[in-house]
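Participant: Sequence:
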Amino acid sequence: MATATTIRRKLRARRKVRTAAGERPRLSVFRSSKHIYAQIIDDTNGTTLAAASSASVKSGTKTDTAAAVGKALAEAAAAKGVKQVVFDRGQYKYHGRVKALADAAREGGLDF
Numbered sequence: 597m598a599t600a601t602t603i604r605r606k607l608r609a610r611r612k613v614r615t616a617a618g619e620r621p622r623l624s625v626f627r628s629s630k631h632i633y634a635q636i637i638d639d640t641n642g643t644t645l646a647a648a649s650s651a652s653v654k655s656g657t658k659t660d661t662a663a664a665v666g667k668a669l670a671e672a673a674a675a676k677g678v679k680q681v682v683f684d685r686g687q688y689k690y691h692g693r694v695k696a697l698a699d700a701a702r703e704g705g706l707d708f
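Throughout the sequence shown, residue numbering follows our numbering, covering 597 to 708 in sequence.
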């Protein structure tokens, strides 16, 4: 269950992302204790363009798995023709697994 603090933090981060996004889709990250999920969302149409999760990609530690998810998401986005996104870290700090996912997505060709 999310506390009021985490909900406020998530909404604050998402508000900044949506104002900065313009027409670019949003790369949203969800991190659980076991897995990490990422998806590219087109907010104007309300559709998911590409998604990847650690449930299907396994490679060593949680940080290595997050990097593999970022790379898989970048490949899926390239197949759909998405090059530029805006990064939505949600309520999580840009640190550890979230940072590893973002760096791998950048290396895979996404621009944010």
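Some clues are possibly wrong.
[Claimed, not checked] Lysine-lysine pairs mimicking DSSO-like chemistry, simulated, CA-CA at most 27 Å apart: (1) Lys695 x Lys676; (2) Lys679 x Lys606; (3) Lys689 x Lys606; (4) Lys689 x Lys630; (5) Lys612 x Lys654; (6) Lys612 x Lys689; (7) Lys695 x Lys667; (8) Lys667 x Lys679; (9) Lys612 x Lys695; (10) Lys689 x Lys679.
[What the hints assert, rightly or not] The calculated label-pair distances, taken between Cβ atoms and stated as ranges, are: (11) Asp639 x Arg604: 17 to 23 Å; (12) Ser629 x Arg604: 30 to 36 Å; (13) Ala616 x Ala674: 35 to 41 Å; (14) Lys630 x His691: 25 to 31 Å; (15) Gly705 x Ile603: 14 to 20 Å; (16) Lys689 x Gly642: 15 to 21 Å; (17) Gly656 x Arg608: 19 to 25 Å; (18) Ala651 x Lys612: 27 to 33 Å; (19) Glu619 x Thr657: 32 to 38 Å; (20) Leu607 x Asp638: 29 to 35 Å; (21) Ser629 x Gly705: 15 to 21 Å; (22) Ala675 x Ile603: 29 to 35 Å; (23) Glu619 x Gly656: 24 to 30 Å.
No lab work stands behind these hints, which were simulated from the structure alone. Where is the CB? At the ideal position from N, CA and C, for every residue including glycine.
Participant: Which numbered hints are broken by the structure, listed smallest first?
Facilitator: Going through the list in order, the structure violates hints 5, 12, 13, 14, 15, 16, 17, 20, 21, 23 and respects the others.
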